[in-house]
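Listed in order, the protein sequences are those of chains F and E. Its first residue numbered 1, the first sequence is counted upward by one per residue in the working numbering. Its first residue numbered 1001, the second sequence is counted upward by one per residue in the working numbering.
Heads up, a few of these hints could be off.
Claimed, not checked - According to the in silico footprint, chain E covers these stretches of chain F (three or more CB under 8 Å from chain E):
| hint | region |
| --- | --- |
| 1 | 147 to 154 |
| 2 | 528 to 539 |
Claimed, not checked - Quick list of in silico lysine to aspartate or glutamate cross-link-like pairs, EDC-like style, CA-CA up to 20 Å:
| hint | chain 1 | residue 1 | chain 2 | residue 2 |
| --- | --- | --- | --- | --- |
| 3 | E | K1140 | E | E1019 |
| 4 | F | K332 | F | D205 |
| 5 | E | K1379 | F | D384 |
| 6 | E | K1379 | F | D459 |
| 7 | F | K472 | F | D487 |
| 8 | E | K1414 | F | D387 |
| 9 | F | K485 | F | E610 |
| 10 | E | K1257 | F | E603 |
| 11 | E | K1384 | E | D1065 |
| 12 | E | K1094 | E | D1065 |
| 13 | E | K1140 | E | E1129 |
| 14 | E | K1343 | E | D1362 |
| 15 | E | K1414 | F | D311 |
| 16 | F | K332 | F | E437 |
| 17 | E | K1343 | F | D311 |
| 18 | F | K70 | E | E1088 |
| 19 | E | K1106 | E | E1223 |
| 20 | F | K485 | F | D459 |
| 21 | E | K1241 | E | E1223 |
| 22 | E | K1414 | F | E437 |
| 23 | E | K1287 | E | E1189 |
| 24 | F | K485 | F | D606 |
| 25 | E | K1310 | F | E580 |
| 26 | F | K332 | E | E1129 |
| 27 | E | K1310 | F | E233 |
| 28 | E | K1094 | E | E1186 |
| 29 | E | K1414 | F | E233 |
| 30 | E | K1310 | E | D1065 |
| 31 | F | K132 | F | D152 |
| 32 | F | K576 | F | D606 |
| 33 | F | K7 | F | E36 |
| 34 | E | K1287 | E | E1344 |
| 35 | E | K1310 | F | E30 |
| 36 | F | K175 | F | D487 |
| 37 | F | K609 | F | E437 |
| 38 | F | K70 | E | E1081 |
| 39 | F | K70 | F | E36 |
For the record, the hints were derived by calculation from the structure and aren't laboratory data. Quick caveat: nothing in here was measured; it's all calculated off a predicted structure. Ideal placement from N, C-alpha and C gives every residue a C-beta, glycine not left out.
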Amino acid sequence: MDHVLNKIIVLPPPAVLAGWGIDPNRLTSELGRAAEVVTVSSWDQAANLAPPENSGVVLVGRAEPLPALKALQTTIDLASWTPWMAGPPHEKALALITAALAEVSLGRKATFRRIVPEKKVLVWGRGPAAEKTTAALLGAGLEVILLGGAPDFSPEPAWSGRFTSLPQARFQGLKGFPGRFTVFLSSDDGSRELSVGAVVLCGVDAGSTRDPAAGPGGAGRPGFKLAFTAGLEQAATSGDMGRIMTAAAAAARETDNAVFILAPHVKVAGPGLERLYTAAREAGVVFLRTPDGGPRTATTPDGRTEFRFFDGAARADIRLAPDFLVPDEPRKPDSTLSEAAGLMNLTLGEDGYLAPDNTLFLPAATNRRGILALGPARGTFSADVLDREIGSAAGEIGRLLTPVEIQDNRLVNDPGRCAICLTCVRTCPVGALDYVERPVADPLACVECGLCAAECPGDALQLEGFTDPQIKARLRILLERPRTKDDFIPRLVLFGCRRSAFPALAAAPTPETPVDLVPIPLPCAGKIEQDLVFSAFLQGADGVMVVSCHHDNCRTHQGSRDAARRGRHLKMLLEKAGFEPARLSFFTLAPNMGVEFQRATVEFKDRIKELGPSPLSGGGS
Amino acid sequence: MSGVINHPNKLELMCMKTEILIMGAGTAGLTAAVRLAERGVAALVIERDFFPGGLGAQLACKAVDECRKCNACLVGDAAGEFTRAGLEVLTGAKVTGLEPEGGGYKVRVAREPVFLDSARCLECGLCLEKCPEAGRALRKSPLGQARPGYALDPAYCLHFQGLECRACRDACPTGAIDLAARGREEIHEVRGIIAAPGGRPFDPALKPRLGYGRVPGVVTALELEQALLREGGAAGLTRGKSPGRIAFIQCVGSRDKSLGRDYCSRICCGYALRLAHRLAGLQPEVKIAMFYMDIQTFGRGFDRQYQEVKNRVELIHGIPGEILAAEGGSVLVPFLNEASGRKESREFDLVTLSQGIQPPDDPVWDLLGFPRDEDGFLKSCPEKGLFAAGTAAGPMDLAEAKADAEAAASRLLKHLGRGF
């Protein structure tokens, strides 16, 4: 295997190191044997280093890698990390740099592949979302195949050469990866295969079958009561509220009918809706506030529905039996969504709409790159939100379908260890793994979370930067550091998600009592493995904390849950082995929770301090 | 953050010439810049403040155990992407003029004196250790994911008060601090502009009867967010003692024709319900009431959250007209009890005003030729290469601002002819 040949350590100027309590000359001589040491006075200078091909660089004193520096890089955020570590500053820095150097030395030479994606997109759905999406993608210059659209829909003639409508075809399946999916369709005259770069699921919105405009019109004897309901069964969307208010206002203006809208809340959180609300009231529409649990209903002798409730704002007991009732229709996921999810290995939310209900999947992402969901497919029924989803999706597709030179060996399978059990393929939360003689990750689809590597029973799959040897080297070097002699400061290993735990650490106020933390970043907390936790304890950690993103705020949606599940299992194992499970802590944090990171870490340290040194450590002596 | 990374494979970094001006480095501005860079379009991102991040960087996470989808973490994610794309923000900068030039614009950008040069700053923090006014004069960015990491505010710096202090300059090992720095003006030629100055929270002093600034214990929702973000609790707002009785007053500066705010600010019900959830999670015995007009839940899962919080929060229909100081230091809120029809009043330790969002008031937007909608928010004008994104284009939450910026970036690419 091609390992990194040249190792370079980039240090800030001696005065900075000295300011941090590090002896610059000693450090340079200590490190000079293992790698080339370069001192820079700005990060721009570091970015312009132009190291020889196949170099590995350790950037000391920086949180993020330098995109312009063409080399394997690892960063050490000394200023943020060292306040959380015990010992003299020089020695902490030396250990962190040595650990980073070990990581880089175990790094592999990058290989690249060029991918030229198919500039064709399959749009699946019917209604305004599907039609606007089709138009936006055609307008961006792509070729679009619309599946299941209205038979009479056709976009601007200028684009017709790039547009195909298949209103009757059925979706049978999909294989492949972003940029070059193969889609299988069938229709009465046979089946066909299509190559597409991306798929957009728009769901079905045929418009409400109970169109609020379809009232009784001008029909109205004096006192004729027309009522609309909005949100009695399910919270109305602001889009639906707008349609209802428009129809009610028109009825009030154009007829002599008494017009009512029954709603627990008037939803005006959308452009122009507050004005529409005012206009509807001015037109004579009476808004009645129903209780949150819904009004009681009864049937009058002549078969009308009567609503009975107390309207607090009007301070009146209302009994209303409209002559004509226009009930709003609760929105439901259409049946194509679960079908699509099943055929494409997509995650549905608990509500039955596509994509997990997770902030990091907004506005149009699903758990698979290159497959997007928007509009009714993800529970969006408001035009303003839909427009943003479509704009964002068009941008994402444009980016994805641009030819790219991409590294294809970030995830590597060792055939000698792979039992071809395909656990990895089943585990991958983003559908990035394929089996071609052995498991292979698609570089465009892979999000480098490492969940597959964590689950692999043979440790055959490894994610560059977070391979078992790399993480273990870091762990070993940092745990080998001498302990403080006088007082017992528990040594805690932090296995943390680099999206949440490490930004939280960097934002955290400095702890007021000494902490002896061993920082081990993970690509996602779901990369934590039993083996790593045991390694930490066996090498003398007094406590281990695993910090993940909050559930539903994990970029893979699965990693934080995987971590929590492993945590429960590990605690059980520790208990059975007669080792205090309280020495292991799993908790969740957001990247902007610096204060909470400090609080949780100090609390954990205090708990471990009470427990005393780990029976496996030589600490406290 | 550690972890070996290889060549930046997912981002084709080309030699880019500035083509676009992005005004504002909040969630929307940062996101738009990344999306453009990914397609080989360079943007100059300017920000009036000392640091990028905008309003989003001042908001607290509302999770107790599970994510509540407040989206406050998105700005940090956007900043991280921005930095990893090799981009930087020009802080302390604003546009002072522009003229059309060959299908684009010649923009005049004025920059406040930058006493701390981010190109030379290694973020070692040594200056902060020496600054006698650390935290005020010399500040660390609240957003660790993007540069600049530090800034010097002359309004608090002793040197600029006429004192002989050069502690930071003397401490800086890389000579990044220049106390004699001057402001400068730059001219940039751009083919389009994205306006993303962000939301302007309503100033509750415009509704004096609500007691803000006069009645102790009346705070804005933004102040509560900041307290939660910086201190992890609300005690700092109530003289160090955790408030046991908290009220939220909704629609402050929203749905108010008399103030010319004839719109719903969309985000306030969401943040207030989530703040209530967080406060209840921090302190189980806390009593929370919310005075409201209509609860504006929208989007997935939000109504379910409302149903959950409803069991924990007393919802009182109607917005109080005035807020008074009660004896003993608490806050008195008179209101109409709709069930009884009688006027009542209730005492609280902390009253939070859920301020709405106002349109941008800076005349620069009119100078640049941005059209406004009937509420005063900025509209895009694609034929002129002008695009508005984020909360300046209308009230929206952070996830929507991110989506809006992505949509604006993709429309702008089309305007530049960068389709396929």
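Results of checking the hints against the structure:
Judged by the Cβ-Cβ criterion of 8 Å, the region 147 to 154 of chain F is not covered by chain E as claimed, because only 0 of its residues qualify and three are needed. Closer than 8 Å: that is the beta-carbon criterion, and the region 528 to 539 of chain F has 0 residues meeting it against chain E, so the requirement of 3 is violated. Distance hint between K1140/E and E1019/E is unfulfilled; the C-alpha atoms sit about 31 Å from each other, more than 20 Å. As the CA atoms of K332/F and D205/F are separated by approximately 10 Å, the hinted pair is consistent with the 20 Å bound.
A distance of roughly 13 Å separates the Cα atoms of K1379/E and D384/F; the hinted pair therefore holds under the 20 Å criterion. A C-alpha spacing of about 54 Å is found between K1379/E and D459/F, which places the hinted pair above 20 Å, so the restraint is violated. With a C-alpha separation of about 27 Å, the suggested pair K472/F and D487/F falls outside the 20 Å cut-off, and the hint is violated. Using a Cα cut-off of 20 Å, the hinted pair K1414/E and D387/F holds, with the two alpha carbons roughly 15 Å apart.
A distance of roughly 18 Å separates the Cα atoms of K485/F and E610/F; the hinted pair therefore holds under the 20 Å criterion. Taking the CA atoms of K1257/E and E603/F, the gap is near 50 Å; set against the 20 Å cutoff, the hint is violated. Restraint check: the Cα-Cα separation between K1384/E and D1065/E comes to about 47 Å, which exceeds 20 Å; the hinted pair is violated. Distance check on the hinted pair: K1094/E and D1065/E sit about 41 Å apart at the alpha-carbon level, beyond 20 Å; violated.
The suggested pairing of K1140/E with E1129/E holds, with an alpha-carbon distance near 11 Å, which does not exceed 20 Å. Pair hint K1343/E plus D1362/E does not hold up; C-alpha atoms about 42 Å apart against a cutoff of 20 Å. Proximity of K1414/E to D311/F is assessed by CA-CA distance (about 51 Å); at most 20 Å being required, the pair is judged violated. Between K332/F and E437/F, the direct Cα distance comes to roughly 43 Å. Violation of the 20 Å bound is thereby established for this hinted pair.
A distance of roughly 17 Å separates the Cα atoms of K1343/E and D311/F; the hinted pair therefore holds under the 20 Å criterion. Simply put, K70/F and E1088/E have alpha-carbon atoms about 19 Å apart, close enough for the 20 Å limit, and the pair holds. In summary, the hint linking K1106/E to E1223/E is not supported, as the alpha carbons are separated by about 39 Å, beyond the 20 Å threshold. Between K485/F and D459/F, the direct Cα distance comes to roughly 38 Å. Violation of the 20 Å bound is thereby established for this hinted pair.
Between K1241/E and E1223/E the CA atoms are separated by roughly 16 Å; this keeps the pair inside 20 Å, and the hint holds. With a C-alpha separation of about 42 Å, the suggested pairing of K1414/E with E437/F is violated against the 20 Å cut-off. Restraint check: the Cα-Cα separation between K1287/E and E1189/E comes to about 56 Å, which exceeds 20 Å; the hinted pair is violated. For the hint linking K485/F to D606/F, the alpha-carbon distance of about 18 Å falls within 20 Å, and the restraint holds.
As the CA atoms of K1310/E and E580/F are separated by approximately 40 Å, the hinted pair breaks the 20 Å bound. Taking the CA atoms of K332/F and E1129/E, the gap is near 58 Å; set against the 20 Å cutoff, the hint is violated. For a cut-off of 20 Å, the pair hint linking K1310/E to E233/F stands: about 17 Å separates their Cα positions. For the hint pairing K1094/E with E1186/E, the CA-to-CA distance comes to about 10 Å; that is within 20 Å, so the pair holds.
A hinted pair counts as satisfied when its Cα atoms are at most 20 Å apart, and K1414/E with E233/F does not qualify at roughly 42 Å. Only pairs whose Cα atoms come within 20 Å are accepted, and K1310/E paired with D1065/E is accepted, the gap being roughly 18 Å. Pair hint K132/F plus D152/F holds up; C-alpha atoms about 15 Å apart against a cutoff of 20 Å. At most 20 Å may separate the alpha-carbon atoms for a hinted pair to count; K576/F and D606/F exceed this at roughly 24 Å.
Straight-line distance between C-alpha atoms of K7/F and E36/F comes to about 6 Å, which keeps the hinted pair within the 20 Å bound. Distance restraint check for K1287/E and E1344/E: the Cα-Cα separation of roughly 18 Å lies within the 20 Å cut-off, and the hinted pair is therefore satisfied. As the CA atoms of K1310/E and E30/F are separated by approximately 62 Å, the hinted pair breaks the 20 Å bound. Note on K175/F and D487/F: the hinted pairing is violated, with a Cα-Cα distance of about 60 Å set against a maximum of 20 Å.
A C-alpha spacing of about 51 Å is found between K609/F and E437/F, which places the hinted pair above 20 Å, so the restraint is violated. Proposed proximity of K70/F and E1081/E is supported: the alpha carbons are some 18 Å apart, at most 20 Å. With a C-alpha separation of about 17 Å, the suggested pairing of K70/F with E36/F holds against the 20 Å cut-off.
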